[in-house]
Amino acid sequence: MSVARTSASSRERYAALFATESRAQLGAAARAVASLGHALDDRAAARAALDEVFRAVHSLKGMAAAMELAAVETLAHALETALGRARDGALELDAMVVDALVAAVDRLDEVVDASVAGHAVDVAADVETLALFASGAPAAASVSAEALALAPLPGAPVVHVRISPDSALPGARAAIVVRRLAALGTIDSCVPDADSLLGPTFDGALAVRVRTDADRDALADAARGAGEVAEVRVEVARSPQSERPNGAPNAAPNGAAVPQAAKAAHVRVERARLDTLLDVASELATARVRLTAAVANLADPAVAAVAADVARLIGMLHEEVRGTRTAPAAEVFERLPRVVRDLARAVGKRAELVVEGGDVALDRAVLEELTEPLVHLLRNAVDHGIEHAEDRVAAGKPPMGRIVLRAERDRDAVLVSVRDDGRGIDRTRVRARAEREGGVPAESVEALDDQALLAMIARPGFSTADAVSSVSGRGVGVDAVRDRVRRVGGKLSMTTSLGEGTSFTIRLPLTLALGRALVARVGDAAFALPVSSVCETVEGAPAPGDGGEVWQVRDEMLPVVRLRDALGVASGPAGASTADAPTLEAAVIEAGGRRAALVVDAVDGQQDVLVRTLPPLRGALRIFGGATILVDGTPALVLDASALVTPASLAHSG
Amino acid sequence: MSKSVLVCDDAIFMRTMVSDILTQAGFEVVGEAETGMQAVERYAELRPDLVTMDIVMPDMGGIDAVREIVKFDPDAKVLMCSAMGQQALVVEAIQAGAKDFVVKPFQPSRVLEAITRVLG
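Just so you know, the protein sequences line up as chains A and B, in that order.
Residue numbers for the first sequence, in my numbering: 1100 to 1753.
Residue numbers for the second sequence, in my numbering: 62 to 181.
Chain A on its own, in the form it takes in the complex (with noise of 0.2 Å):
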């Protein structure tokens, strides 16, 4: 009996628990799956993860059956028979049918939440993909890692084309397929890059992310009217407020199965309106820290008690829709296990990549941009930092690589960070070389510090490699990343230890960050120093020292940087900051674990300011992370700790 034909009240319940076990099945299959592939010199324990995914996927197929989820059913059958061929030994477990069973488990999980959402799928070309591996002849080469790595966003759906094999110039035909797209609406992303599409090592995968009104078929036929198209695929953001289903009226044949309140529970809201609302909240935000302020000079019970509500209040409207502009970081991470999983077998290399934080909140927009610089970061640590199986287990290393991706909350900050376990960075290499291309600085090879050879690496077209590989070899290096983290206000740093691996931490602000700031004065000019970065206010006078002034604080001798100089300004008043002068006053910085004293005018406490980042600066004005209102109302530049401890800020002030 089919649950269309019971009374409304149980399939409700049929529904409810459909939802539920379904995920629980598929579940069990992803991690089945996932399994599988470390499992490929196991048969033991590869029998045994295939036995689990099979299954999970039968039993799935049962309830959809039940459901009438034809879509459901139709696939979980595909997968069902190409697990069965591969238990039955007839079809040959390698890393290319793992990927393509991971990417049907993956596309299962994605054809139940539509159809439970009451959306219809077509899932033809899946199962003809599926039906091909079965037998044993595999479908042309998984889409390319970048390709994966682009996520469709509500609104901004994703187009997936691989262009004919035969076509004599695919660079040229994936122009034109971008240029379709492109009358539809405006594009997002494009990967690869316009560069790389004329270059060799484009395969005729492309990924399109187009923001559009224009629907799954639309998309689909414009890309195809391009010529040449072998395939394509349109993805859409999962999330319920992202675009309507094609047949979006009729496409609800289980309505019953659809959970109203999941229904009820998203709006669309054009970005800009987000924009501006969270603007008049960090405004209000702002607003509120002087009202505090001018109401404790008031002395009025009752006109605190107010504002102290109103201060709750608008704090909790600005956390609100702060939040609506934040996603997870699994937005982004989840779908990068598999890119370096691509990018390792690409060059014979064996790695897996473990992600860590997916939960942390991070501001949509940085999330976007950050993508393209972890699968960069990604590649590196693949091509560069893990070595080749044999050279792994020659150094006493497990043969698999293991790359750690890791979101972390750190105070005021997010840190991103990759972490893999190969062969480190060769120091004396990069000298070698960076003499060799010029203009490097005579340090010695241990004077050579991980900032100073990051500075390095990071040289535009600067690469280590002795040859260019077919992974990294496309001209973005270090640089890119750099250059790409900077945009979007944050920090590339990095630490390598040669033979134990290479650690590139990308720090970023939480773009408006309500924070506690030391408040210092040269002159008439106000300026913040976030507390996060102050250990603490010292009164005294330096004292000349081998390579420029320095201050004692306890035991410890510490450079001297007067920010009058970092500033370029002259010497204030007589008394102020001059060197005779009996007593200064000076705050203890630290970055990236240097220290320093920081002479100013004079200290004027600590106060709760709203800091604004300020777009990515040059030369001096580096000094500054951002702006900010002050309590009295005046604008502050909120000072930059880590650029200021820099050897190049201490020269110049010494």
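Warning: the hint list may mix true and false statements.
What the hints assert, rightly or not - Heads up, simulated SDA-like pairs for lysine to any residue below, C-alpha to C-alpha not over 20 Å straight-line:
| hint | chain 1 | residue 1 | chain 2 | residue 2 |
| --- | --- | --- | --- | --- |
| 1 | A | Lys1496 | A | Val1446 |
| 2 | B | Lys132 | A | Arg1278 |
| 3 | B | Lys165 | A | Ser1266 |
| 4 | B | Lys165 | A | Lys1496 |
| 5 | B | Lys165 | A | Gly1326 |
| 6 | B | Lys165 | B | Ala149 |
| 7 | B | Lys165 | B | Arg76 |
| 8 | B | Lys165 | A | Pro1264 |
| 9 | B | Lys165 | A | Ala1267 |
| 10 | B | Lys132 | B | Ala105 |
| 11 | A | Lys1590 | A | Phe1723 |
| 12 | A | Lys1496 | A | Arg1444 |
Since the hints were made in silico from the structure, they are not lab data.
Chain A is fixed; fit chain B onto it per the hints.
The following block gives chain B in isolation, referenced to the frame of chain A:
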């Protein structure tokens, strides 16, 4: 009524070959041009349904000619004719407004497919 075509190439051989393919397929070759400049002038004069355009021509290349023609008529349908190894130029032409391309040596079926796409 058959569709009108303007054939632009600096080599007589290529113009003849393209014209033959088109004529056999029922198109009417209404004009020819040997330079980019001529192509622009003849387009304005003839307003053909389709233009085939060589990339490398003396006195204004094919890409600049596409740019000029599209400026004059945003709906102009231009098909680029390219040799192997000119991919960057073809992409530039597409960005300039060309609708499609064919690669030499020409296979009549490919040329006609491309034309169908451009006119469709």
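Here is what the structure says about each hint:
1. Note on Lys1496 of chain A and Val1446 of chain A: the hinted pairing holds, with a Cα-Cα distance of about 19 Å set against a maximum of 20 Å.
2. About 17 Å separates the Cα atoms of Lys132 of chain B and Arg1278 of chain A, which keeps this hinted pair within 20 Å; it holds.
3. For the hint linking Lys165 of chain B to Ser1266 of chain A, the alpha-carbon distance of about 12 Å falls within 20 Å, and the restraint holds.
4. Restraint check: the Cα-Cα separation between Lys165 of chain B and Lys1496 of chain A comes to about 53 Å, which exceeds 20 Å; the hinted pair is violated.
5. For a cut-off of 20 Å, the pair hint linking Lys165 of chain B to Gly1326 of chain A stands: about 17 Å separates their Cα positions.
6. A C-alpha spacing of about 15 Å is found between Lys165 of chain B and Ala149 of chain B, which places the hinted pair at or below 20 Å, so the restraint holds.
7. Annotation: proposed proximity of Lys165 of chain B to Arg76 of chain B holds, straight-line Cα distance about 12 Å (limit 20 Å).
8. Pair hint Lys165 of chain B plus Pro1264 of chain A holds up; C-alpha atoms about 17 Å apart against a cutoff of 20 Å.
9. Among the hinted pairs, Lys165 of chain B with Ala1267 of chain A is consistent with the structure: their alpha-carbon atoms are about 10 Å apart, no more than 20 Å.
10. Between Lys132 of chain B and Ala105 of chain B the alpha-carbon distance is near 11 Å, which keeps this suggested pair within the 20 Å criterion.
11. For a cut-off of 20 Å, the pair hint linking Lys1590 of chain A to Phe1723 of chain A stands: about 13 Å separates their Cα positions.
12. For a cut-off of 20 Å, the pair hint linking Lys1496 of chain A to Arg1444 of chain A stands: about 19 Å separates their Cα positions.
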